[in-house]
Amino acid sequence: MSVIFAPLLPWPAIWAAGGVALVLLALALWRGLRGWALRALAAMVLLAAIAQPSLQREQTAPLSDIVLLVDDRSASQTLSDRAAQTDAAVANVQAQLDAMPNVETRRITVKDGAENAGTELGAALSEALASEPRARVAGAVVISDGQAHDAALAPDLPAPLHLLLTGHAADWDRRLLIETAPAFGIIGEESAIRLKVENQGNVPADIGGKAKLTISIDGKNPKTYDVNVGRDLELPLTLDHGGQNVVQFTLAPIEGELTTRNNTATVQINGVRDRLRVLLVSGQPHAGERTWRNLLKSDAGVDLVHFTILRPPEKQDGVPVSELSLIAFPTQELFVDKIDEFDLIIFDRYGARGILPSAYFDNIRDYVERGGAILVAAGPEYATVESLYQTSLGSIMPARPTGRVLSESFLPRPTELGLRHPVTA
16 MSVIFAPLLP WPAIWAAGGV ALVLLALALW RGLRGWALRA LAAMVLLAAI AQPSLQREQT
76 APLSDIVLLV DDRSASQTLS DRAAQTDAAV ANVQAQLDAM PNVETRRITV KDGAENAGTE
136 LGAALSEALA SEPRARVAGA VVISDGQAHD AALAPDLPAP LHLLLTGHAA DWDRRLLIET
196 APAFGIIGEE SAIRLKVENQ GNVPADIGGK AKLTISIDGK NPKTYDVNVG RDLELPLTLD
256 HGGQNVVQFT LAPIEGELTT RNNTATVQIN GVRDRLRVLL VSGQPHAGER TWRNLLKSDA
316 GVDLVHFTIL RPPEKQDGVP VSELSLIAFP TQELFVDKID EFDLIIFDRY GARGILPSAY
376 FDNIRDYVER GGAILVAAGP EYATVESLYQ TSLGSIMPAR PTGRVLSESF LPRPTELGLR
436 HPVTA
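Numbering of the sequence shown is given in our numbering, commencing with residue 16 and proceeding in unit increments.
By construction, these hints were calculated from the structure, which means they are not laboratory data.
Any given hint could turn out to be false.
Said to hold, decoys possible - Cross-link-like lysine to any residue pairs, in silico, SDA-like; alpha carbons within 20 angstroms at most:
1. K235 x D289
2. K211 x L250
3. K227 x N214
4. K235 x P251
5. K238 x P251
6. K225 x G245
7. K353 x N378
8. K238 x R190
9. K227 x T275
10. K353 x T323
11. K235 x R385
12. K238 x Q263
13. K238 x V261
14. K211 x G223
15. K126 x H164
16. K225 x R209
17. K225 x N243
18. K353 x F322
19. K126 x L178
20. K353 x I389
21. K227 x E213
22. K312 x D289
23. K227 x T265
24. K312 x T323
25. K126 x D102
26. K353 x E384
These numbers come from a predicted model, not from an experiment.
Starting from the given sequences, assemble the full structure and let the hints guide the process.
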């Protein structure tokens with residue numbers, strides 16, 4: 016029970032009025048005036064009425080404390096016996112918290128972050144704290160291996176944070192980090208990849224400061240080097256073909272390291288040339304050839320090789336070959352010997368009329384699968400028996416002819432893969 020006041024006037028005014036009444040009462044006593052006691056009583060009653068005192072009886076109930084119990088279930092917690100350690104620690108802490116009076120537990124399980132974001136312990140704590148009254152949070156217990164990739168996002172806790180660390184004091188590991196790698200590289204020129212080999216944990220003294228690193232491109236011709244541990248390594252790399260080049264780095268495993276999953280790293284580099292070499296093959300003369308040439312020649316970075324089929328093989332007019340001012344179509348040179356020198360092959364109104372044997376089309380298909388590109392610009396002939404779709408190129412064509420011809424506008428768009436290709440991007 017307590018006394019509370021709800022004054023009608025500010026306290027300084029009430030104290031001032033009380034002071035004035037006390038002075039008047041003292042003056043009445045000094046002069047010996049009668050009735051001073053009644054005046055004093057009236058002044059006290061008036062001041063008490065202005066202060067409005069009242070009795071208050073409170074009925075309170077204590078609120079329980081809240082403890083945040085965070086258990087890390089990310090991929091690194093599956094190494095060794097960390098999962099069993101986590102289970103045992105969670106059960107032990109939960110049992111102790113349950114035995115405490117007026118304590119509530121909030122269980123938060125943290126898994127791997129989206130898009131390989133790692134262990135997001137900071138975000139989990141922030142989200143859990145935001146949903147609870149801060150004044151009731153008595154503490155947080157985190158059971159983890161200590162790997163938090165968003166530690167900077169950890170909230171300012173109003174209570175202590177305790178970490179139960181899983182693993183063993185003798186644990187150690189070696190990992191490979193790719194620090195910088197180019198997305199594109201010019202064929203025949205050196206590109207630099209920066210990487211680092213790190214030792215973590217209680218590394219044995221007999222391990223040494225060297226590591227065996229194996230490098231391969233597209234899984235071919237692997238080469239092994241001795242590299243220094245703990246130092247930035249800048250490795251020169253020369254690409255020998257266009258398109259996607261898969262560069263794989265592998266560390267030789269060592270007995271006793273925690274895991275070998277981080278001993279391998281892969282980098283994808285698109286090989287491009289400093290100039291775009293285009294082979295344009297026109298199946299017949301037409302006015303659009305000039306448009307092709309103007310378009311491709313407008314860019315100084317494009318090297319254009321253009322052939323037009325002026326005399327198909329089936330044409331027989333009795334004119335001796337020696338009297339024709341034409342050259343033979345160099346199919347062997349273009350589509351076998353030097354096909355990999357081109358970044359793009361354009362077939363302009365070209366029909367399969369026996370000029371190219373099927374083996375050449377097979378070679379063109381293999382060229383595309385190795386990273387090259389073809390563009391087929393065709394009209395209604397694409398829906399006929401002379402369509403290039405009827406050759407082995409049909410397996411890589413993005414469109415299949417149905418035999419129907421629709422005379423309307425059409426706007427082609429690159430696919431998701433086309434947006435990343437060095438030619439069509």
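Do the hints match the structure? See the list:
Pair hint K235 plus D289 does not hold up; C-alpha atoms about 25 angstroms apart against a cutoff of 20 angstroms. A threshold of 20 angstroms between alpha carbons decides the hint, and for K211 with L250 the separation of about 11 angstroms falls inside it, so the pair holds. Distance hint between K227 and N214 is fulfilled; the C-alpha atoms sit about 13 angstroms from each other, no more than 20 angstroms. Distance hint between K235 and P251 is fulfilled; the C-alpha atoms sit about 17 angstroms from each other, no more than 20 angstroms.
About 13 angstroms separates the Cα atoms of K238 and P251, which keeps this hinted pair within 20 angstroms; it holds. A distance of roughly 9 angstroms separates the Cα atoms of K225 and G245; the hinted pair therefore holds under the 20 angstroms criterion. Proposed proximity of K353 and N378 is supported: the alpha carbons are some 11 angstroms apart, at most 20 angstroms. The straight-line distance between the Cα atoms of K238 and R190 is roughly 19 angstroms, inside the 20 angstroms bound, and the hint therefore holds.
The straight-line distance between the Cα atoms of K227 and T275 is roughly 14 angstroms, inside the 20 angstroms bound, and the hint therefore holds. Simply put, K353 and T323 have alpha-carbon atoms about 18 angstroms apart, close enough for the 20 angstroms limit, and the pair holds. Annotation: proposed proximity of K235 to R385 holds, straight-line Cα distance about 14 angstroms (limit 20 angstroms). Restraint check: the Cα-Cα separation between K238 and Q263 comes to about 11 angstroms, which is no more than 20 angstroms; the hinted pair holds.
Among the hinted pairs, K238 with V261 is consistent with the structure: their alpha-carbon atoms are about 15 angstroms apart, no more than 20 angstroms. Between K211 and G223 the alpha-carbon distance is near 16 angstroms, which keeps this suggested pair within the 20 angstroms criterion. This hinted pair checks out: K126 and H164 have alpha carbons roughly 12 angstroms apart, not beyond 20 angstroms. For the proposed pair K225 and R209, the alpha carbon gap of about 17 angstroms is at most 20 angstroms, so the pair holds.
As the CA atoms of K225 and N243 are separated by approximately 5 angstroms, the hinted pair is consistent with the 20 angstroms bound. Annotation: proposed proximity of K353 to F322 holds, straight-line Cα distance about 15 angstroms (limit 20 angstroms). At most 20 angstroms may separate the alpha-carbon atoms for a hinted pair to count; K126 and L178 meet this at roughly 17 angstroms. Proposed proximity of K353 and I389 is supported: the alpha carbons are some 15 angstroms apart, at most 20 angstroms.
This hinted pair checks out: K227 and E213 have alpha carbons roughly 13 angstroms apart, not beyond 20 angstroms. Taking the CA atoms of K312 and D289, the gap is near 16 angstroms; set against the 20 angstroms cutoff, the hint holds. Note on K227 and T265: the hinted pairing holds, with a Cα-Cα distance of about 8 angstroms set against a maximum of 20 angstroms. Annotation: proposed proximity of K312 to T323 holds, straight-line Cα distance about 17 angstroms (limit 20 angstroms).
Note on K126 and D102: the hinted pairing holds, with a Cα-Cα distance of about 15 angstroms set against a maximum of 20 angstroms. Straight-line distance between C-alpha atoms of K353 and E384 comes to about 16 angstroms, which keeps the hinted pair within the 20 angstroms bound.
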